[in-house]
Amino acid sequence: MLDATPGLLAGGPLVQVDGLKMHFPIYSGILRRHTGDVKAVDGVSFSINAGETLGLVGESGCGKSTVGRALLRLYEPTAGRVVIDGEDVASLSPEDLRKKRPAMQMVFQDPQASLNPRMTLSRIISEPLDEHTDWAEAKKLARVHELMDAVGLNRRFDNRFPHEFSGGQRQRIGIARALALNPRFIVCDEPIAALDVSIQAQVVNLLEDLQEKLGLTYLFISHDLSMVRHIADRVAVMYLGKIAELSPRDALYSRPLHPYAEALLSAVNEPDPALAANRRRIILTGDVPSPANPPKGCNFCTRCPKVMDICRTVKPDLTEVEPQRFVACHLYPKTQAAGSTGASEATERNQQGVSL
Amino acid sequence: MAEQALPVLDVRGLKTVFRTRGGEIHAVNDVSFHLNRGEVLGVVGESGSGKSVTMMSLIRLLPSPPADIRAGQVVLNGKDLLQMDAEDLRHVRGAKVGFVFQDPMTSLNPVFTIGSQIMEPLRAHMGMTKAAAAARAVELLELVGIPDARKRLKAYPHQFSGGMRQRVMIAIALACDPDVLIADEPTTALDVTIQAQILELMKELRRKLGMAIIWITHDLGVIAGIADRVLVMYGGQVVEHAPVGELFANPQHPYTRALLKTIPKISGAREARLKVIEGQPPIMTGAPQACPFRARCEYRHDPCEKVNPLRRGGGWSSSGPGP
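In order, the protein sequence lines correspond to chains A and B.
1 is the number of the first residue of the first sequence in our numbering; add one for each residue after it.
1 is the number of the first residue of the second sequence in our numbering; add one for each residue after it.
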């Protein structure tokens, strides 16, 4: 089967996103005229290699969940390309898209809301099989049992209803359903946010085990920065519909380049009183601007502690400022790097001087 | 902070039971703690551990039935709240004890202005005139860091962001200068950068006003940043009680130890695999005769099945003998 080498070895990117935009129209006035757009996702580009986990972090409303949904075309993207395993999902015809669905699945945030309360566990997990295979009932049930084993649910529970399970178990059901059709790519949209601390670790370990066994590729959307540090290989930090920084995990956490990434990481509460007392926190003032009316220049310029004149007028592009590290910020001089993703061979430069 | 002075709040042997169709749920089992003037007491535990119910029981905010406070004493400034009549209790709520709830979206009334909601306790408890209350409301909004306060009095909650609404909630809780502020997961619904703002604000307010705070949360990171002492709750009882530095440096109860290990860190060495506490938290039907954590505990031994360590008295940690 696939092997799960994180990084560039496993045959290049499985998912390639180019200039993805997702605008939601605003209609107002008595004639319901189209008066503007909520630019939930405004030109996002990245790639995910096969077997890799890309973490997508940011505050609520930054567009991270919208990216996840647009990738799987649960929304119709306004613009951009989403190439998954060689096919552009954003422009597939409905029939081709249906055939493509088994390869890409999703695990949702709230297992309470994403499982039908009137369906038994076996019907929930076999629903994708009903839709995409012509298997006999017995074969489907066998597959359901296999999946229940894989996610650590007791086979005897296959006739129970979702309300009979705890939050952690419900999330396992959601994961089993996502795995039913042997997907290659799974979008995990805040899969642990609704769970208790002691249960979160169980689910994260399960996701990691499954990745290793089945060679899965994850987009892990979360606002929990310490959990993302644990599970992701690379991390994209989003702010107001754009990627502020995209870096390998260790590089980002030890030395964030974008001022927003820096502030976000400094705001995380470390469970250690000694560290908490000594840490220099960057307290951002104010709130995130509305995505219907983003600032003219850099989206972060209204709250940035290092704001310069140029930031208020010119939007910075996401450029590779160090090998593998992409930042959208005027603090870092532009290189001639062509694309904003992929294995570009941008000149290596040391720009630590700028980042304090 | 005067160590010798009487604690502002002293809770002894609090027991709360919910009567449901499926039988009794023992949500709070013999909880005792005290709160000193000007200190922040952190209360941690998972959902269902009884932390919120304990604090709601203190000032009898739980509807009865189904809730039934079976036993205990809650002494605030020398008076037992559990013996008080409704009228006196009404004065304590709001005036002596302030509450900040988790969700600032649902705890403000959407059809009243921010100003009228801040002025309400001032007029009800302090007997202020409208003009005096308005002046005090402006002062309070400035105190919690809302710019342009005078104009904001006329705004409605939906015109405020989540962080601002939580600031308004804090302003309301502080309105009558309470002795005790109970904050129930006040930052859980907020983003990390906004959470950091609120934490800084609360630290500053405590310095300025010197009130005592009970801070309920499931986030050990928040506790590390703000608390002086910590209660760890599990299965409706206090399983460990320690000063914050001590708790993180040298956790005693197996549950506390396990919990600290399940959380990934944001700095330092990255763990290859997360530690897990196997199993689920218990559902507290029937008074607990044995240790509530026994099913998930890695140091389980015979006595754990028979004796609730809480009953043995002695030290604060209710764990059995160490490993």
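Hints may be right or wrong, so weigh each one.
[Said to hold, decoys possible] 30 Å max Cα-Cα, derived DSSO-like pairs, lysine-lysine:
no. : chain 1 : residue 1 : chain 2 : residue 2
1   : B       : K261      : B       : K203
2   : A       : K306      : B       : K154
3   : B       : K306      : A       : K213
4   : B       : K151      : B       : K203
5   : A       : K21       : A       : K296
6   : A       : K100      : A       : K213
7   : B       : K275      : A       : K296
8   : B       : K275      : B       : K306
9   : A       : K21       : A       : K315
10  : A       : K296      : A       : K315
11  : A       : K306      : B       : K306
12  : A       : K21       : A       : K99
13  : B       : K203      : A       : K213
14  : A       : K213      : B       : K151
Just so you know, the hints here were simulated from the structure itself, not pulled from any lab data.
If you're wondering where the values come from, they're calculated on a predicted model, not measured in any experiment.
Consistency of the hints with the structure:
1. The straight-line distance between the Cα atoms of K261 (chain B) and K203 (chain B) is roughly 27 Å, inside the 30 Å bound, and the hint therefore holds.
2. For the suggested pair K306 (chain A) and K154 (chain B), the alpha carbons sit about 34 Å apart, so the restraint of at most 30 Å is broken.
3. Distance restraint check for K306 (chain B) and K213 (chain A): the Cα-Cα separation of roughly 42 Å exceeds the 30 Å cut-off, and the hinted pair is therefore not satisfied.
4. At roughly 26 Å between alpha-carbon atoms, K151 (chain B) and K203 (chain B) fall within 30 Å of each other, so this suggested pair holds.
5. With a C-alpha separation of about 17 Å, the suggested pairing of K21 (chain A) with K296 (chain A) holds against the 30 Å cut-off.
6. Distance restraint check for K100 (chain A) and K213 (chain A): the Cα-Cα separation of roughly 22 Å lies within the 30 Å cut-off, and the hinted pair is therefore satisfied.
7. At roughly 46 Å between alpha-carbon atoms, K275 (chain B) and K296 (chain A) are farther apart than 30 Å, so this suggested pair is violated.
8. Proximity of K275 (chain B) to K306 (chain B) is assessed by CA-CA distance (about 28 Å); at most 30 Å being required, the pair is judged to hold.
9. Restraint check for K21 (chain A) and K315 (chain A): the C-alpha separation of about 16 Å stays at or below 30 Å, so the hint holds.
10. Taking the CA atoms of K296 (chain A) and K315 (chain A), the gap is near 7 Å; set against the 30 Å cutoff, the hint holds.
11. Between K306 (chain A) and K306 (chain B) the CA atoms are separated by roughly 61 Å; this puts the pair beyond 30 Å, and the hint is violated.
12. Restraint check for K21 (chain A) and K99 (chain A): the C-alpha separation of about 24 Å stays at or below 30 Å, so the hint holds.
13. For the given pair, K203 (chain B) sits about 47 Å from K213 (chain A) by alpha-carbon distance, which is inconsistent with the 30 Å threshold.
14. For the proposed pair K213 (chain A) and K151 (chain B), the alpha carbon gap of about 59 Å is over 30 Å, so the pair is violated.
Hints 2, 3, 7, 11, 13, 14 from the earlier list are contradicted by this structure; the remaining hints agree with it.
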